[in-house]
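Colleague: Chain residues, written in single-letter form:
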Amino acid sequence: MLTVRKALTSTVGRKFIMGASGLLLVGFLFVHIATNLLLYAKTGESFNAAVARLWSLGSLVYLLELGLAALFASHIVVAITLKRGHREARPDSYRMSVSKGTVHNNPASRNMAVTGIILLVFLILHILQFRFGPGISEGYSVVINGKTERDLYRVVTEAFKNPIYVALYVAVMLFLGSHLRHGFWSAFQSLGVLAPRISKVIYALGFCLAFVLAAAFLFIPIWIYFDLGAGL
Amino acid sequence: MSKDLRNYKLVIWRQASPQEKGGFEQYQVDGISPDTSFLEMLDILNDRLIKQNIRPIEFDSDCREGICGACGCLVNGQAHGPRQKATTCQIYMRSFENGDTITVEPWRAKAFPVIRDLVVDRSSFDRIISAGGYISVKSAKHADANAMLIPKPDADQAFDYATCIGCGACVAACPNASASLFTGAKISQFTLMPQGRVEREKRVERMVDQMDREGFGGCTNIGECEASCPKGISISAIATMKAEYLKAALSGRTESNASDGAM
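Read top to bottom, the protein sequences are chains A and B.
Residue numbering for the first sequence is 117 to 348, as defined by our numbering.
Residue numbering for the second sequence is 5 to 267, as defined by our numbering.
Worth double-checking, as some hints may not be accurate.
Computed list of lysine-lysine pairs in DSBU-like fashion (alpha-carbon distance at most 30 Å, straight line) [what the hints assert, rightly or not]: (1) K7/B - K25/B; (2) K89/B - K316/A; (3) K316/A - K235/B; (4) K251/B - K142/B; (5) K114/B - K13/B; (6) K142/B - K206/B; (7) K251/B - K199/A; (8) K199/A - K235/B; (9) K55/B - K13/B; (10) K114/B - K25/B; (11) K142/B - K199/A; (12) K316/A - K251/B; (13) K199/A - K206/B; (14) K7/B - K55/B; (15) K263/A - K158/A; (16) K55/B - K89/B; (17) K156/B - K145/B; (18) K206/B - K235/B; (19) K199/A - K114/B; (20) K114/B - K206/B; (21) K263/A - K277/A; (22) K13/B - K89/B; (23) K156/B - K316/A; (24) K156/B - K114/B; (25) K206/B - K145/B; (26) K316/A - K199/A; (27) K251/B - K156/B.
Just so you know, these hints were derived from the structure itself, not from any lab.
Nothing here was measured: the structure is a model prediction, and the numbers come from that model.
Given the sequences, and given the hints that come with them, work out the whole structure.
Modeller: Okay, here's the thing in structure tokens:
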């Protein structure tokens with residue numbers, strides 16, 4: 117059907133893909149943080165149990181991973197094609213360019229590509245470090261309900277005893293906050309669901325969401341590094 | 005007459021033809037009253053240049069009261085200069101301090117090629133309009149103008165979008181040189197009115213197609229267009245355009261599915 121092809125090629129249609137995939141990825145972040153909040157617990161029991169529960173889904177996990185990979189891929193590939201188009205649209209740049217004053221023109225909105233690339237590089241490193249990190253065969257095992265499971269809690273806590281990883285993760289989460297600060301509201305605007313009345317509400321909600329998500333992720337390495345859970 | 009006369013240093017883009025490579029030139033303009041408009045100041049400079057046998061600076065202007073959309077250039081990095089909701093012709097020299105350096109550049113976009121100096125070719129806008137920015141009307145007897153009932157809020161909103169003068173400041177100010185605000189305003193003004201509903205789906209498809217074909221960039225929701233628009237048109241027009249595009253794609257009543265291919 118031609119309309120589908122158009123949705124994939126027009127500037128408006130490609131922004132639908134950006135907005136929809138972006139919002140779905142925000143949904144994923146909520147699922148991710150829901151499990152990660154267990155890292156704030158005093159022991160790794162509940163976290164490891166949650167990880168084991170996820171893996172008990174069996175091959176469905178691989179299907180979910182595939183879906184997630186497709187979401188990331190579409191978000192990234194479409195972003196690259198759009199960015200190329202933006203550059204081509206203004207071959208000669210201005211000698212001087214000054215904002216005329218709008219809340220949406222800020223470092224977060226102007227640097228979506230930069231923060232996006234940082235997040236992509238981080239994502240690869242993050243997956244290699246934890247998803248494909250040491251497992252049962254390397255001795256990172258724990259027995260839950262009589263079954264030997266991967267001790268992911270130990271993998272995480274050991275990683276965050278390294279100050280370099282702590283600094284890196286904290287820094288990247290700030291970029292994540294920046295990306296979501298513009299991205300969340302921008303997705304709604306791109307999908308055309310923003311009436312002027314609710315635009316400000318969504319923009320404010322985007323700030324809260326970016327702040328809460330970034331903060332929740334950001335404090336995990338700090339929490340583990342300084343062993344703040346020990347005092348609980 | 006004010007005795008307060010001011011001197012300015014102008015840094016202006018000069019380009020003799022579309023083919024030639026342009027560059028910035030400096031001009032000293034002395035003895036300018038703060039009540040002079042920006043374009044009058046350029047007129048004064050041009051008079052002096054002509055007397056010195058230098059080719060005058062080419063710029064567009066027509067009504068010089070902010071309603072025609074002919075004028076427009078980037079003044080000190082801002083489309084239409086420092087004032088909000090104003091065109092270049094509505095800028096006065098009192099906005100600039102004595103001794104200021106003022107940088108003047110043409111709109112920059114692939115779809116707005118420079119013709120000469122500050123004059124750019126904005127016919128890409130005309131082509132977006134001819135792609136679908138119109139309604140079909142019966143050519144028979146004159147209908148009563150008020151025969152069709154239109155809710156007041158819809159009429160007001162449509163009018164707000166219809167205030168677009170097509171100056172191109174939105175494209176000039178956009179970091180992606182996107183024409184989304186212009187196209188969005190034109191689509192929205194028709195969508196809100198019952199008269200515009202007949203060609204609704206085909207219109208948005210055709211106009212967005214044309215916008216892309218002209219080589220404008222996409223919208224990243226920066227909002228600089230809204231801030232630079234001399235008529236203060238809201239980026240809600242862009243959201244409306246996107247919603248219309250999505251609805252059109254889902255309805256199947258688009259240009260690509262039309263058997264006759266005519267509108």
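Colleague: Next step is simple, just say for each hint if it's right about the structure.
Modeller: Structure-based check of all given hints:
1. K7/B - K25/B: 41 Å, violated
2. K89/B - K316/A: Holds: K89/B and K316/A sit about 21 Å apart, inside 30 Å.
3. K316/A - K235/B: With Cα atoms ~21 Å apart, K316/A and K235/B stay inside 30 Å; holds.
4. K251/B - K142/B: Holds - the C-alpha atoms of K142/B and K251/B are around 27 Å apart, at most 30 Å.
5. K114/B - K13/B: 29 Å, holds
6. K142/B - K206/B: 19 Å, holds
7. K251/B - K199/A: 25 Å, holds
8. K199/A - K235/B: Holds, at roughly 28 Å.
9. K55/B - K13/B: 19 Å, holds
10. K114/B - K25/B: Status holds; Cα separation ~15 Å.
11. K142/B - K199/A: Distance ~44 Å between K142/B and K199/A Cα, so the pair is violated.
12. K316/A - K251/B: With a Cα-Cα distance of about 24 Å, the restraint between K316/A and K251/B holds, given a limit of 30 Å.
13. K199/A - K206/B: 27 Å, holds
14. K7/B - K55/B: Given that 30 Å is the threshold and the Cα spacing comes to 25 Å, the pair holds.
15. K263/A - K158/A: Roughly 22 Å separates the two Cα atoms, so the pair holds.
16. K55/B - K89/B: 35 Å, violated
17. K156/B - K145/B: Measuring from Cα to Cα gives roughly 26 Å; hence the hint holds.
18. K206/B - K235/B: Given pair K206/B, K235/B holds - Cα atoms ~27 Å apart, limit 30 Å.
19. K199/A - K114/B: 15 Å, holds
20. K114/B - K206/B: 26 Å, holds
21. K263/A - K277/A: Holds. K263/A to K277/A sits at ~28 Å (cutoff 30 Å).
22. K13/B - K89/B: Answer holds: K13/B to K89/B is near 25 Å, not above 30 Å.
23. K156/B - K316/A: With Cα atoms ~24 Å apart, K156/B and K316/A stay inside 30 Å; holds.
24. K156/B - K114/B: 39 Å, violated
25. K206/B - K145/B: Measuring from Cα to Cα gives roughly 27 Å; hence the hint holds.
26. K316/A - K199/A: 26 Å, holds
27. K251/B - K156/B: 24 Å, holds
Hints 1, 11, 16, 24, counting from the list given before, are not met by this structure.
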